[in-house]
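Undergrad: Sequential numbering from 579 applies to the sequence shown in my numbering.
Worth flagging that the hints you see were computed from the coordinates, not collected in a lab.
There may be inaccurate statements among the hints.
As the list claims (entries may be wrong) - Simulated pairs of lysine-lysine, DSSO-like, Cα-Cα distance not exceeding 30 Å:
no.	residue 1	residue 2
1	636	652
2	658	644
3	652	635
4	644	633
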Amino acid sequence: MVTQQIAQYTNASVNEETCKKFHHEDRIITNVLLYLGFFFIVIFFVWMEYHNHEKRKKEEQGEPRKENGELREKNGELQKEIDQRRAQFRNDWQNASLYPGSGFSCSQ
């Protein structure tokens, strides 16, 4: 009994007068617009990723150049220090006696 009432209600609510006719032309235009919108959104995100990747690539290339400059400066400072120590060692070695602690030297 209840199912008959539900069936009658659905049949009464859906009839030819209440349903609008559907035109396939509207559906074609809507689909094309949806596809175009989706296409432009995808292209936009691909474009953004490409440009962000290029920015990151340039930044990464700039950082090693800065590091190379700093490392070259440190290398130059260390090389000067090494040269000073070598010169100091040569001077001290030439002035030192062959037998430390004894009063004997070669220049007698």
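Undergrad: Looking back at the hints listed earlier, which ones does the structure fail to meet?
TA: none
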